[in-house]
Amino acid sequence: YDAIATASTVAANYLKEGFWAKTKEQEIPSAGLYADFLVKIDDVTAEVEKALTGLSGAERLAKQNAVIAEINKRYSDPSKNIIGKISPMFKGNQFLMFVYQRYNDIRLVGAPPESIGKFGGDTDNWEWPRHTGDFSVFRVYMAKDGSSADYSPNNVPLKPKHFLPVSIKGIKDGDYAMIYGYPGSTNRYESSMGVKQKTDIANPAIVNLRDMRLKYMMEEMKKDPGTRLKMASDYASIANYWKFFDGEAKQLLKYDVYGQKKEAEAKFQQWANGKPEFENIFSDWNKAYDNWRPYSKQQIYINEGIMGSPLMGLAASLQQVENAIVKKGSSADIAKAVEAAKEARAEFLKSENRVSDQNILGTALKMFYTDIDKNQHPIGFYESIKGSFGSLDDDATYKKYAASVFNNTMLLDDNKWNAFAANPDGTVLQADPAYATASAFMKNWQGKYLPQSMQFNAKNSELGRLYLKGVLAMDTVKAKKMYPDATFTMRVSFGNVKSYSPADAVKYDYVTTMKGVMEKYKPGDYEFDLPAKQIDLIKKKDYGQYADPIRKDVVVGFITTNDITGGNSGSPVIDANGNLIGLAFDGNYEALSHKIQFDPVYNRTICVDVRYVLWCIDKLGGASNIIQELKLVK
Numbered sequence: 001y002d003a004i005a006t007a008s009t010v011a012a013n014y015l016k017e018g019f020w021a022k023t024k025e026q027e028i029p030s031a032g033l034y035a036d037f038l039v040k041i042d043d044v045t046a047e048v049e050k051a052l053t054g055l056s057g058a059e060r061l062a063k064q065n066a067v068i069a070e071i072n073k074r075y076s077d078p079s080k081n082i083i084g085k086i087s088p089m090f091k092g093n094q095f096l097m098f099v100y101q102r103y104n105d106i107r108l109v110g111a112p113p114e115s116i117g118k119f120g121g122d123t124d125n126w127e128w129p130r131h132t133g134d135f136s137v138f139r140v141y142m143a144k145d146g147s148s149a150d151y152s153p154n155n156v157p158l159k160p161k162h163f164l165p166v167s168i169k170g171i172k173d174g175d176y177a178m179i180y181g182y183p184g185s186t187n188r189y190e191s192s193m194g195v196k197q198k199t200d201i202a203n204p205a206i207v208n209l210r211d212m213r214l215k216y217m218m219e220e221m222k223k224d225p226g227t228r229l230k231m232a233s234d235y236a237s238i239a240n241y242w243k244f245f246d247g248e249a250k251q252l253l254k255y256d257v258y259g260q261k262k263e264a265e266a267k268f269q270q271w272a273n274g275k276p277e278f279e280n281i282f283s284d285w286n287k288a289y290d291n292w293r294p295y296s297k298q299q300i301y302i303n304e305g306i307m308g309s310p311l312m313g314l315a316a317s318l319q320q321v322e323n324a325i326v327k328k329g330s331s332a333d334i335a336k337a338v339e340a341a342k343e344a345r346a347e348f349l350k351s352e353n354r355v356s357d358q359n360i361l362g363t364a365l366k367m368f369y370t371d372i373d374k375n376q377h378p379i380g381f382y383e384s385i386k387g388s389f390g391s392l393d394d395d396a397t398y399k400k401y402a403a404s405v406f407n408n409t410m411l412l413d414d415n416k417w418n419a420f421a422a423n424p425d426g427t428v429l430q431a432d433p434a435y436a437t438a439s440a441f442m443k444n445w446q447g448k449y450l451p452q453s454m455q456f457n458a459k460n461s462e463l464g465r466l467y468l469k470g471v472l473a474m475d476t477v478k479a480k481k482m483y484p485d486a487t488f489t490m491r492v493s494f495g496n497v498k499s500y501s502p503a504d505a506v507k508y509d510y511v512t513t514m515k516g517v518m519e520k521y522k523p524g525d526y527e528f529d530l531p532a533k534q535i536d537l538i539k540k541k542d543y544g545q546y547a548d549p550i551r552k553d554v555v556v557g558f559i560t561t562n563d564i565t566g567g568n569s570g571s572p573v574i575d576a577n578g579n580l581i582g583l584a585f586d587g588n589y590e591a592l593s594h595k596i597q598f599d600p601v602y603n604r605t606i607c608v609d610v611r612y613v614l615w616c617i618d619k620l621g622g623a624s625n626i627i628q629e630l631k632l633v634k
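Its first residue numbered 1, the sequence shown is counted upward by one per residue in the numbering used here.
It is possible that some hints are incorrect.
Okay, derived cross-link-like pairs now, SDA-like style, lysine to any residue, Cα gap no bigger than 20 Å in a straight line [to be verified]:
#	residue 1	residue 2
1	478	94
2	24	40
3	63	458
4	520	541
5	481	494
6	336	319
What follows is a list of derived Cβ distance ranges for each label pair [to be verified]:
#	residue 1	residue 2	range
7	188	286	44 to 52 Å
8	16	188	19 to 27 Å
9	57	436	32 to 40 Å
10	52	215	27 to 35 Å
11	395	32	53 to 61 Å
12	375	32	39 to 47 Å
13	476	339	52 to 60 Å
14	477	9	57 to 65 Å
15	25	476	54 to 62 Å
16	496	293	36 to 44 Å
17	522	454	45 to 53 Å
18	477	188	12 to 20 Å
19	477	52	25 to 33 Å
The set of hints was computed from the structure by calculation and includes no laboratory data.
Glycine included, C-beta positions come from ideal geometry on N, C-alpha and C.
Hey, can you work out the whole structure from these sequences and the hints?
Right, dumping it as structure tokens:
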């Protein structure tokens, strides 16, 4: 999405209009994108564990990171773009080395209009039935000698060792489906305390703060196409997990995952009694959570609230400049920090919308004041606002304060900023209202609460590792069937195409069709609009070879029982014969507890059917050249 947005301008708005390269010369280089091909996996557990003998807690973690960095370096070869990355599995009880061949010349070949690629928007996100054509097409290039190379017009398309034939035969309920991909993160071995922290504190706070930010952003995005394009990528990334955190908490409560975890922990405790390494895990874990819980909400309100203001995020990064000046670093240190700040500011200004940002800051400050224990507030900060702007219980006070910050900060004034950058001065920086605001919260956090946060994280990590070590030892037969949490490394999931019933008297079919697209269509709507050409083609039933023979329509999406999570978007869905049948891109709302606990009854992976992908490329985009490169199975 970001790559398409970056390639777009108001004049050539590929996000809105779509893009299709009819020749290789028309393909657009995507700077910053790369493709990693997995070469091999080595188990290096013995080597890592040998270096960690007798260590625990923060000391063990520090040594572990050092050893991993050393082994990574040994496996890597930067001259050939070979990347070696160790991924700790089972919370640090196993260590696997993943070796990748990286290719840096990636080019955009095609993408449907945003009204297809994001059809349904936030309303349909994490929902089934779904009618979204969520896909894009990129090509990997290599040097003429077959080696990995940076972008060059002389590079040639990569010749892969294998490619997937594409099946347009169609699917039926019960068909086998397999997904290869890179799921980002799960926490299936989370403690009951961690589940309760999520349902009672973390998720509700994140949802409320993101809801606020999205509201102000959308108000501005609706005003004109230029603003929408500028903010689109940031909005999409915030919105995606706003709904997830809400659904996750609800499903964790609905299925009593906390109770299930408590039950499993009670069985573990019976086994652990009398075993010194394991018997005190839960008493120690409860103490750690009790000590940290009162401060955990503040961290969320800073990260998702105060720093949810893009201006505050930029201002906070200037701590590096202040540190270089105050610590009397060399002129080279200061110049380096200022140069980094210049780059950060330039990047910030590309997507900055002052109106929404100012509203976010004002509201976030009020929410922090209202929801966070007064003893945890930055000393003197709110008293200063009260003295100059009014009652701390009045929304107008925070609006006036935010306006003052935005009107007077050098970060939004080129003349002031250039003067500061030319002659960096600590007093000038500290007096800047944006920096003073961000700094008040950051320094309060760093000085008083960061050490406690680090202590909790180290303890939580260590106890999680020990608990899982015990679980693996408790039942060695069961342990062989256990899988590690997702760590953005390649995983394979198998399942079946399958309909489901999410509630009494409700039954969901396993596919959606173009008929459903038209049923949801709302002319001019920012979530459910469609390109005029698509409507015309649907009315003519111009489906070509992509129509389903049974439904006499194009199948748009389908669902499977496969286990995926964030990071799997775009993962190939493969049938029993090794043919591509679709692309995974989402999960269903009824199973949003999947990061903590997989639900075999309700969990569904939402996929775009490859026939809809091909129809969009061929019929809608007119890019038959792309179709001709594929091996179709009919």
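Consistency of beta-carbon spacing, residue 436 to residue 57, with hint 32 to 40 Å | 37 Å, holds
Between residue 477 and residue 188, does the C-beta distance stay in 12 to 20 Å?
-> Check passed, 19 Å falls within 12 to 20 Å.
Quick one: are residue 476 and residue 339 within 52 to 60 Å, going by C-beta?
-> Holds: the Cβ-Cβ distance is about 56 Å, inside 52 to 60 Å.
Residue 477 versus residue 9 beta-carbon gap, inside 57 to 65 Å or not = Holds, at about 60 Å.
Starting from the range 19 to 27 Å, see whether the pair residue 16 and residue 188 falls in it by beta-carbon distance.
-> Between residue 16 and residue 188, where Cβ atoms are some 40 Å apart, the hint is violated.
Evaluate the given range 54 to 62 Å for the C-beta pair formed by residue 25 and residue 476.
-> 59 Å, holds
Satisfaction of hint between residue 458 and residue 63, Cα-Cα up to 20 Å = Roughly 13 Å between the alpha carbons, so the hint for residue 63 and residue 458 holds.
Verdict for residue 52, residue 215 (Cβ pair) under range 27 to 35 Å | 48 Å, violated
20 Å limit on alpha-carbon distance, applied to hinted pair residue 336 and residue 319 = Holds, at about 13 Å.
Could you say whether the range 45 to 53 Å given as a hint is met by the Cβ separation of residue 522 and residue 454?
-> 49 Å, holds
Taking the CB of residue 188 and the CB of residue 286, does the distance hold inside 44 to 52 Å?
-> 21 Å, violated
Could you grab the alpha-carbon distance between residue 520 and residue 541 and see if it respects the 20 Å cut-off?
-> Holds. Residue 520 to residue 541 sits at ~17 Å (cutoff 20 Å).
Violation of the numbered hints given earlier is confined to hints 2, 7, 8, 10, 11; the remaining hints are satisfied by the structure.
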